[in-house]
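Q: Below are the chains, spelled out letter by letter.
Number of protein chains: 2
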Amino acid sequence: MIRVDLPQKDMPRKWYNIQADMSEPLAPPIHPGTKEPVRLEDLQAIFPDELIKQEVSTERFIDIPEEILNIYKIWRPSPLMRAKKLEEFLQTPAKIYYKYEGVSPAGSHKPNTAVPQAYYNKKAGIKRLATETGAGQWGSALSLAGAYFGIEIMVYMVKVSYDQKPYRKFMIETWGGKVVPSPSPLTQIGRKMLEEDPNTNGSLGLAISEAVEDALSRKDTNYALGSVLNHVCLHQTIIGEEAIKQFQIINDYPDVVIGCVGGGSNFAGISFPYIREKMNGKKIDIIAVEPSACPTMTKGLYAYDYGDIAGLTPIIMMYTLGHKFMPPSIHAGGLRYHGMAPLVSYFAKKGLISARAYTQTEVFKAASDFAKTEGLIVAPESSHAVKAAIDEALKSKEEKNPKTILFNLSGHGYFDLVSYDKFNTGQLSDFHLAGEEIKKALEHLPLTNKN
Amino acid sequence: MIRVDLPQKDMPRKWYNIQADMSEPLAPPIHPGTKEPVRLEDLQAIFPDELIKQEVSTERFIDIPEEILNIYKIWRPSPLMRAKKLEEFLQTPAKIYYKYEGVSPAGSHKPNTAVPQAYYNKKAGIKRLATETGAGQWGSALSLAGAYFGIEIMVYMVKVSYDQKPYRKFMIETWGGKVVPSPSPLTQIGRKMLEEDPNTNGSLGLAISEAVEDALSRKDTNYALGSVLNHVCLHQTIIGEEAIKQFQIINDYPDVVIGCVGGGSNFAGISFPYIREKMNGKKIDIIAVEPSACPTMTKGLYAYDYGDIAGLTPIIMMYTLGHKFMPPSIHAGGLRYHGMAPLVSYFAKKGLISARAYTQTEVFKAASDFAKTEGLIVAPESSHAVKAAIDEALKSKEEKNPKTILFNLSGHGYFDLVSYDKFNTGQLSDFHLAGEEIKKALEHLPLTNKN
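Chains as they are written, first to last, in numbering that gives the first Met the number 0: chain E, 0 to 450; chain X, 0 to 450.
Please keep in mind that the hints were generated in silico from the structure rather than gathered at the bench.
Given the structure is predicted, the values throughout are model-derived calculations rather than measurements.
Check before you lean on any hint, since a few could be wrong.
It does not matter which identical chain is meant; a pair holds if it fits inside one copy or across any two.
[Claimed, not checked] List time: in silico DSSO-like cross-link candidates among lysine-lysine, alpha-carbon distance up to 27 Å:
no. : residue 1 : residue 2
1   : K83       : K126
2   : K8        : K244
3   : K371      : K164
4   : K371      : K122
5   : K277      : K298
6   : K399      : K371
7   : K122      : K84
8   : K164      : K421
9   : K164      : K364
10  : K298      : K439
11  : K349      : K281
12  : K281      : K244
13  : K244      : K72
14  : K438      : K348
15  : K282      : K348
16  : K402      : K364
With the hints as extra help, turn the sequences into a complete structure.
A: Here it is as structure tokens:
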């Protein structure tokens, strides 16, 4: 069997909330103004109650509403695939499996959370959602979810991407969403930035500020975030829950579970259910893979920091390179984030997850081998997971220890063919951080504790 | 159930050869030089024996070799989806189902035949395949198949597409294929055309000539074609065979079967197994959908004509607008073909298939409604099938006759977002052929019979 299909009638009907299985609660998010723990009311200004409840819940399993299940069924359960041709190419005794999330209409795992976020907001009477997007993955996923539920989506898209990557913009518009380049004249902060520099490229930090300002300024509008937060990680756990059931069908079990990390949500999705299994006694290596150019977990600190560059978001305990850290322009735009989901950070700190970093030439070589053997062209982000899976398969060969490897293939690379062309024609360059940039960025942590 | 998965163990293991069920054989292809029926030796210069055997076989079912099944399993069986949200939007009592072929790594149904073509050529000792491609769908599918079997792929890509659509070119290269703009200096005909006009845009007819010349001039090289021929239609029948099994799972049966037609291969794939069922007594409407701008079946003649503009290919009996007919530049590039697969033409002539034509504004409106309800962004070609399915569903509503509708969704539209943007911003125009163009083109038919 190359593809393990889980019948829709057996699709998991609950998300797994890993907060139920922590020995202590997460350090509380701190309000950027008062420096006191964030209050419920602060969150209610931009999130619906149901999502706030999920954000802090300690219930182990949370029911997925029927309306969401019915939309999930358009692409879920996603297939569990065996990469047999890659195994043959590597001449490894290891079995390599991947969960393929590129089958969603938006082409990545993002709709797994975009759909519930749109649903709960709709139920709360919200008519409009504001969000930011970098390269456009998240903005398009939310626009898709908005189309499903008849909710208006307003996307602030980092200007340089808006200009250079029109495809994602057209996708957002095809689903009925609105998208403007950020900074925009629609918000105070946007106007201020445009006044200071009319030709600015914009940044994700700034786009977040515009989306939050938009949501705060309108009663009918909330804000939506595509990664980092607990409820986002929660929604993604359907990936790992499906994988567990699919491995039962073929009577196998992964020794190694791999995902790439930017904000941490696709990794959370594949790994949290396996962290539960590990806490229950299973022996599993769980590996988070990041770019060398943005080595949050391998070179950052576990400390309180802002979620954005401007320092407008709550201050949260996480692995961070410092919110002022500006990662080099690698092709895996979705992994260029200075911080890491607090839940992922917590389990890394506890030693249940390990992390490693690769350069972009390494990961594109792996993605190229994958394309030539399996056929699929993966997103530059996902290629980090491919590289780690290949390395683990080669280690398995060296050690003559036939392992079962599972990685999450978070999205396809059909919009990233220019990056593949750069690799194919030898034009990719790597970034070797001297360490000075990180040291300097880490001097700007907002609170004193740097444990 | 939104998605009907056929387990891989139940995947069809045979292609259906509709030539077994014809009351008379197809009219023989005529050699363009001798004007005599094409001889086996003519074909052997560019095709392997196994494919020639399939081209003329009258065996009803042909075994799919294990090696091909193992690759099909990377994306097959393709899902049969129920478009419930579209049904709700249309408030129709009809059930709308679609076979989704966009799940293949190349994003369309094309790999269904690219893989067997590469396989049989490899088995025959062929090291290299030459082909042409317009917008790049076929060239990329063959390049993918070449990667699977370690066979070199040489793609002559119509120059205007090569320049304007770099993504498909990068895709071909990512799978290891070679691609040059046509006309190229690599062939006699290419050099001649470049000499006459160094700035020519190229054409599909010319690219075919270059690929055939390439294949004829090298012992290690054969030629591959992505549509029209009998063996190509044969390989696509796995689509319809799967659909029949999937409808058995849900205990339903289509009253209407729909596919878009360019050369005819994806339509053949979904419809031939249902034509068999119809000949065995089932009541099914089988509808081929073409663009108004290239109305081969609705306005063409059933006559002997060349397959290419230059008049180098065999002369075949088919529906045609005349090989000199140059269709307007619509966005559904894959449907811009003057002719039609002889097998599809035969069954249309016999009255087992009906045909209809739509303008591109109509089909993009349908595709836009489909994207906003179901989420999937379909290729401009496939949007013709979407439009017909919507019309049938509305007819079903009007007649208060709840029908079961099946259409083939031949590929995704991720590379066609510029076309969607044109539609979204009101920049699409339609082409209303006065009939004069067609009448004129039909004056150039090579043989006298115009029955």
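Q: Between copies, within a copy, both or neither: which fits K244 and K72 at Cα up to 27 Å?
A: both (16 Å within a copy, 20 Å between copies)
Q: If the cut is 27 Å between Cα atoms, do K399 and K371 qualify within a copy, between copies, both or neither?
A: within (25 Å within a copy, 51 Å between copies)
Q: For K298 vs K439, is the C-alpha pair at or below 27 Å within one copy, between two copies, both, or neither?
A: For K298 and K439, only the intra-copy Cα distance (13 Å) is at most 27 Å; the inter-copy one is 72 Å.
Q: With 27 Å as the alpha-carbon cut-off, assign the pair K282 and K348 to within, between, both or neither.
A: within (18 Å within a copy, 65 Å between copies)
Q: Since the copies are identical, ignore which copy is meant and state whether K371 and K122 lie within 27 Å (CA to CA) inside a copy, between copies, both or neither.
A: between (45 Å within a copy, 20 Å between copies)
Q: Is the C-alpha distance from K281 to K244 at most 27 Å within one copy, between copies, in both cases, or in neither?
A: Answer is within: at 16 Å inside a copy they meet the 27 Å cutoff, but 40 Å across does not.
Q: Is it within, between, both or neither when you check K164 against K364 at 27 Å Cα-Cα?
A: For K164 and K364, the Cα distance is within 27 Å both inside one copy (23 Å) and across copies (24 Å).
Q: Indicate which option fits the pair K438, K348 if close means a Cα-Cα distance not exceeding 27 Å: within, between, both or neither.
A: within (20 Å within a copy, 76 Å between copies)
Q: Since the copies are identical, ignore which copy is meant and state whether K164 and K421 lie within 27 Å (CA to CA) inside a copy, between copies, both or neither.
A: both (16 Å within a copy, 16 Å between copies)
Q: At most 27 Å between alpha carbons: which applies to K83 and K126, within, between, both or neither?
A: between (47 Å within a copy, 23 Å between copies)
Q: At most 27 Å between CA atoms: does that hold for K8 and K244 within a copy, between copies, both, or neither?
A: both (12 Å within a copy, 18 Å between copies)
Q: Cα distance capped at 27 Å. Does K122 pair with K84 within a copy, between copies, both, or neither?
A: For K122 and K84, the Cα distance is within 27 Å only across copies (18 Å; inside one copy 46 Å).
Violated hints are absent here; each numbered hint is respected by the structure.
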